[in-house]
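*Asks:* If you read the sequences in order, they're chains A and B. First residue of the first sequence: 0, per our numbering; consecutive thereafter. First residue of the second sequence: 0, per our numbering; consecutive thereafter.
Careful, some of the hints might be misleading.
Identical copies look the same in the list; a pair holds intra-copy or inter-copy alike.
Each computed DSSO-like pair below joins lysine-lysine, with the alpha-carbon atoms no more than 30 Å apart [what the hints assert, rightly or not]:
(1) Lys109 with Lys130
(2) Lys10 with Lys72
(3) Lys10 with Lys130
(4) Lys10 with Lys125
(5) Lys45 with Lys122
(6) Lys81 with Lys10
(7) Lys109 with Lys72
Simulated from the structure, these hints should not be mistaken for lab results.
Protein chains: 2
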Amino acid sequence: MRWIRFTAAGKTAYGILEGEQILEVAGDPFRGYERTQRRHALAQVKIEVPVIPGTFYCAGLNYTAHVIEQAQKRGVAPELPKRPDIGYRANNALIAHGETVVIPADASEKVQYEGELVVVIGKEAKHLTEKDALSAVLGYTIGNDVSERTWQRSDRTLWRAKNTDTFKPMGPWIETEVALDALETVVRVNGRETTRFATNEMLFGVATYLAAMTRYLTLHPGDVVWMGTDGASPDLRSGDVVEVEITGIGVLRNPFRRASA
Amino acid sequence: MRWIRFTAAGKTAYGILEGEQILEVAGDPFRGYERTQRRHALAQVKIEVPVIPGTFYCAGLNYTAHVIEQAQKRGVAPELPKRPDIGYRANNALIAHGETVVIPADASEKVQYEGELVVVIGKEAKHLTEKDALSAVLGYTIGNDVSERTWQRSDRTLWRAKNTDTFKPMGPWIETEVALDALETVVRVNGRETTRFATNEMLFGVATYLAAMTRYLTLHPGDVVWMGTDGASPDLRSGDVVEVEITGIGVLRNPFRRASA
Numbered sequence: 000m001r002w003i004r005f006t007a008a009g010k011t012a013y014g015i016l017e018g019e020q021i022l023e024v025a026g027d028p029f030r031g032y033e034r035t036q037r038r039h040a041l042a043q044v045k046i047e048v049p050v051i052p053g054t055f056y057c058a059g060l061n062y063t064a065h066v067i068e069q070a071q072k073r074g075v076a077p078e079l080p081k082r083p084d085i086g087y088r089a090n091n092a093l094i095a096h097g098e099t100v101v102i103p104a105d106a107s108e109k110v111q112y113e114g115e116l117v118v119v120i121g122k123e124a125k126h127l128t129e130k131d132a133l134s135a136v137l138g139y140t141i142g143n144d145v146s147e148r149t150w151q152r153s154d155r156t157l158w159r160a161k162n163t164d165t166f167k168p169m170g171p172w173i174e175t176e177v178a179l180d181a182l183e184t185v186v187r188v189n190g191r192e193t194t195r196f197a198t199n200e201m202l203f204g205v206a207t208y209l210a211a212m213t214r215y216l217t218l219h220p221g222d223v224v225w226m227g228t229d230g231a232s233p234d235l236r237s238g239d240v241v242e243v244e245i246t247g248i249g250v251l252r253n254p255f256r257r258a259s260a
Numbered sequence: 000m001r002w003i004r005f006t007a008a009g010k011t012a013y014g015i016l017e018g019e020q021i022l023e024v025a026g027d028p029f030r031g032y033e034r035t036q037r038r039h040a041l042a043q044v045k046i047e048v049p050v051i052p053g054t055f056y057c058a059g060l061n062y063t064a065h066v067i068e069q070a071q072k073r074g075v076a077p078e079l080p081k082r083p084d085i086g087y088r089a090n091n092a093l094i095a096h097g098e099t100v101v102i103p104a105d106a107s108e109k110v111q112y113e114g115e116l117v118v119v120i121g122k123e124a125k126h127l128t129e130k131d132a133l134s135a136v137l138g139y140t141i142g143n144d145v146s147e148r149t150w151q152r153s154d155r156t157l158w159r160a161k162n163t164d165t166f167k168p169m170g171p172w173i174e175t176e177v178a179l180d181a182l183e184t185v186v187r188v189n190g191r192e193t194t195r196f197a198t199n200e201m202l203f204g205v206a207t208y209l210a211a212m213t214r215y216l217t218l219h220p221g222d223v224v225w226m227g228t229d230g231a232s233p234d235l236r237s238g239d240v241v242e243v244e245i246t247g248i249g250v251l252r253n254p255f256r257r258a259s260a
């Protein structure tokens, strides 16, 4: 099942996406819903961020090649994370499928994409085991963890490197039927493929992360966990269009534009 | 004016606190409200976290003495932050005034308080100047940035060191009339004063932080910014009661209890 959050005629609602048709619901997939008689053509609605999370989790370094490449670029020895220590991103930066990533005028040329699998939590959960962890998941969507590498190195936190307004595209919708091992992440810039990797070949997988996290914290419906990225990105320029596809989920497409000074 | 969020007879609402009386409102201080005829005695309600933030910002190291003491404990040279790089905390960890901080069974003895001024944002704001920054502030409350120092050193992120469930007491209410320079932060453990500092003697003050942040990000009504702490805390034990008072705002009181293994 595909959950989509959308705006039509000035009203934002959740719906179930079937092909190119949206069946609007009353309520939402987290606290309960009822189907309505309202139908919308996908092409006629504004797609919204699929959920505004209560807490916005992000795994950061979670693929071997990405850790090695990032270390090489900085001229330091790569160090693989030893444990699934979860990190955070910020809601101010979220934008929907189709919306524009605005690169600040004073950003360097080192603005890059990171295509990521996003876990959407469906149930309140604590003390999950690896075996039952996926039962807390409603479904999966796609994130682009846009990063300015100069700020990522210079600043004490990731605030503007990764949480500048518009730097966190997420969507286009939530797919509930996913075979993690079958997923492939493919990134295209202006239609040309630039990155491809097996989505589930993570250092620490989804179940491992959720079990580790819930030893100390309660997950709540609507929380999201971005699972990190593999490979490297070219530097993006004003006018570029980035598509992050995860096979079986969908395509998250966003244009990039540099603000004038 | 004091804004309080509370539950009475199973219903959570905002109210205006006048002395020991709460005047319940319909709506909230962020999107608009109307006074109602309902009155409650403060002593008869359950005090709630004053706001669940959209984004939970935290300044981290923002007082000279605290930076030096933390560095000395780690045996490294103190390094004062050069810029107001904002950090983050997580909503899962929030608890209200009076609620219990639960120390996980496997935490070390190094569980400590950090008494902090909390800025509550009242208006959407970007590109604030230092001069107009405080116009985006609804008011101020109090936070206790509870920290497990062993995890703070060992982990790649602050997730369980600072964002374990219950590690972020905030409250008891939002005070809108505050003279920042007059504030004093006083922390007591079991009634005995253990820390006292001038709240506004920060490395980077409230207006400086808000102006710097809003160069890159939009603040939204209900966002909170925790401003860091000064001084050091003793190690807290199961059964301790910690009070963080900021003069003119109120007292945030929370008991600490260690979970059984």
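*Asks:* Each hint needs a verdict: does it hold in this structure or not?
*Replies:* Against the structure, the hints come out as follows:
1. Lys109 with Lys130: neither (40 Å within a copy, 32 Å between copies)
2. Lys10 with Lys72: neither (46 Å within a copy, 55 Å between copies)
3. Lys10 with Lys130: The answer is neither: 40 Å in one copy and 37 Å across copies each exceed 30 Å.
4. Lys10 with Lys125: between (34 Å within a copy, 26 Å between copies)
5. Lys45 with Lys122: This pair counts as both: shortest intra-copy Cα distance 27 Å, inter-copy 26 Å.
6. Lys81 with Lys10: Classified as neither: same-chain Cα gap 46 Å, cross-chain 45 Å, threshold 30 Å.
7. Lys109 with Lys72: within (12 Å within a copy, 37 Å between copies)
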